[in-house]
Amino acid sequence: MDKSSGSAWQKRLLIFIAKFLVVSLPLFALWKVGGHFYILSVLFVVANFFVRILGLRVSDLTVCLDIFTSLIPFISLMVITKGLKFKKRLSKIAIGLSILFLWHLVASVALCLMMSGYGAISLKTVLSDAFAFFFYILNLTLPFLLWFFLVGKNRIKAAIL
Amino acid sequence: MKKKKSVKSSGKIKKTKSKIRKTQLKIEKAKSDKAPIKFLVTFLSGLFGVSILYCFVKGYSPILLDKASSFTASVATLFLNLFGMAAKCHAQSVSLDGYSFRIIDQCLGAYEIFIFSAGVIAYPTDHRKKLWGIALGIPFLYLINIIRLMVLGVVGTWSPKTSEFMHLYLWQIIIFLTVILACVLWIKVVVQPGKKGY
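Going down the list, the protein sequences come from chains A and B.
So for the first sequence, this note's numbering puts the first residue at 1; every next one is plus one.
So for the second sequence, this note's numbering puts the first residue at 1001; every next one is plus one.
Mixed in with the good hints, there may be bad ones.
[To be verified] Now the stretches of chain A that chain B is said to cover, found in silico as 3 or more residues with beta-carbon under 8 Å:
1. 24 to 32
2. 129 to 141
3. 147 to 153
[What the hints assert, rightly or not] In silico lysine-lysine, DSS-like type, Cα no more than 25 Å apart, as pairs:
4. B:Lys1022 x B:Lys1012
5. B:Lys1034 x A:Lys88
6. A:Lys157 x B:Lys1029
7. A:Lys153 x B:Lys1038
8. A:Lys153 x B:Lys1129
9. A:Lys157 x B:Lys1130
10. B:Lys1161 x A:Lys92
11. B:Lys1129 x A:Lys157
12. A:Lys153 x B:Lys1034
13. A:Lys32 x A:Lys11
14. B:Lys1012 x A:Lys157
15. B:Lys1161 x A:Lys32
16. B:Lys1012 x A:Lys153
17. A:Lys157 x B:Lys1026
18. B:Lys1038 x A:Lys92
19. B:Lys1015 x A:Lys153
20. B:Lys1029 x B:Lys1015
21. A:Lys153 x B:Lys1130
22. A:Lys157 x B:Lys1038
23. A:Lys153 x A:Lys32
Don't read these hints as lab results, they were simulated from the structure.
Note that the Cβ used here is the ideal one computed from N, Cα and C, for glycine as well.
Please build the complete structure, drawing on both the sequences and the hints.
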């Protein structure tokens, strides 16, 4: 392994991590200051609407909605990716955020149903507990998976490998 | 006449070779187009598998998780003391200069380990490299988790609110970065050592 290629990927990785932190930390600050409240309020209104239409009775919807937040890592990854034109970057961010929003709704309502002891899918069995855990852990990886499929492996390789 | 025949047959051979080559390229392209889907399906299946295993252990042998939490608390306390902090450990709690925090199952580094392991299993490489990845990745991620707990503990002695913010909001970022770091190191050191990035 020649030294120049060895130090190059390490440098690229460090730059990637630094860029990610520089972009995500202010976004988190915005989230803490007020973004958290406004975004969860919108989600609550939409989730509540669908729950009522479907005739479901759930408790702790706000608690469940607060669990599946993964916007900031995704936005940070999309912002720091090189080689995307502005319009294309914006459109991909919009697509990813829409998917995350939908995921957030579905996962929160599903978890709520499980927590509310809703029939066969209540959180009383190991299997339903596993589903809830799977949703949670998938939520942690979803920003990366979306980034991978929206941006393409070549751009990701260029960024960090 | 013979020359004409040989020219014709060599022309036919060239056409056939060209067709075979085109078909091979199509197959390679189809495989490469399907590769991300295959990775995603394997990755999600792996994640679901570990979720079932984890919840099974949590449901039927919760004492194992309690012991893991106590062990992690002891290791974090040991490392804090090695760095000159007067930390104390009691069961699953670590106390440091008037600030204390409790290690629960979410603090074990298990989530990062599950995500990383599922990614390694799904990555298209040979089994030996995957085993090496998991064998090296698990202690690496556990160590990063211990460092995270130490930092939270030290920040907590200075400002418990800041420590809480870091714990709740930065936790996802930290998981994300540590898993990416572990994956990249595994790919560059074990899977493709010496190969240029792209």
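We went through each hint and held it up to the structure:
Beta-carbon proximity to chain B at under 8 Å applies to 4 residues in the region 24 to 32 of chain A; the threshold of 3 is reached and the given coverage holds. Here's how the region 129 to 141 of chain A fares: 9 of its residues keep a CB closer than 8 Å to some CB of chain B, so the rule of at least three is met and the hint holds. Counting residues of the region 147 to 153 of chain A whose beta-carbon sits less than 8 Å from any beta-carbon of chain B gives 3, enough to reach three: the coverage restraint holds. For the hint linking lysine 1022 of chain B to lysine 1012 of chain B, the alpha-carbon distance of about 15 Å falls within 25 Å, and the restraint holds.
The suggested pairing of lysine 1034 of chain B with lysine 88 of chain A holds, with an alpha-carbon distance near 24 Å, which does not exceed 25 Å. In summary, the hint linking lysine 157 of chain A to lysine 1029 of chain B is supported, as the alpha carbons are separated by about 19 Å, within the 25 Å threshold. For the hint pairing lysine 153 of chain A with lysine 1038 of chain B, the CA-to-CA distance comes to about 14 Å; that is within 25 Å, so the pair holds. Distance check on the hinted pair: lysine 153 of chain A and lysine 1129 of chain B sit about 21 Å apart at the alpha-carbon level, within 25 Å; holds.
With a C-alpha separation of about 19 Å, the suggested pairing of lysine 157 of chain A with lysine 1130 of chain B holds against the 25 Å cut-off. Among the hinted pairs, lysine 1161 of chain B with lysine 92 of chain A is inconsistent with the structure: their alpha-carbon atoms are about 35 Å apart, more than 25 Å. Restraint check: the Cα-Cα separation between lysine 1129 of chain B and lysine 157 of chain A comes to about 19 Å, which is no more than 25 Å; the hinted pair holds. Proposed proximity of lysine 153 of chain A and lysine 1034 of chain B is supported: the alpha carbons are some 13 Å apart, at most 25 Å.
Among the hinted pairs, lysine 32 of chain A with lysine 11 of chain A is inconsistent with the structure: their alpha-carbon atoms are about 31 Å apart, more than 25 Å. Under the criterion of a C-alpha separation no larger than 25 Å, the hint pairing lysine 1012 of chain B with lysine 157 of chain A is inconsistent with the structure, at around 42 Å. Distance restraint check for lysine 1161 of chain B and lysine 32 of chain A: the Cα-Cα separation of roughly 12 Å lies within the 25 Å cut-off, and the hinted pair is therefore satisfied. For the hint linking lysine 1012 of chain B to lysine 153 of chain A, the alpha-carbon distance of about 39 Å lies beyond 25 Å, and the restraint is violated.
Taking the CA atoms of lysine 157 of chain A and lysine 1026 of chain B, the gap is about 24 Å. The hint holds against a cut of 25 Å. At most 25 Å may separate the alpha-carbon atoms for a hinted pair to count; lysine 1038 of chain B and lysine 92 of chain A meet this at roughly 22 Å. For the proposed pair lysine 1015 of chain B and lysine 153 of chain A, the alpha carbon gap of about 34 Å is over 25 Å, so the pair is violated. Straight-line distance between C-alpha atoms of lysine 1029 of chain B and lysine 1015 of chain B comes to about 21 Å, which keeps the hinted pair within the 25 Å bound.
A C-alpha spacing of about 20 Å is found between lysine 153 of chain A and lysine 1130 of chain B, which places the hinted pair at or below 25 Å, so the restraint holds. Distance check on the hinted pair: lysine 157 of chain A and lysine 1038 of chain B sit about 18 Å apart at the alpha-carbon level, within 25 Å; holds. Of the supplied pair hints, the one linking lysine 153 of chain A and lysine 32 of chain A is violated, its CA atoms being roughly 32 Å apart against a limit of 25 Å.
Violated hints, in rising order: 10, 13, 14, 16, 19 and 23; the structure is consistent with all others.
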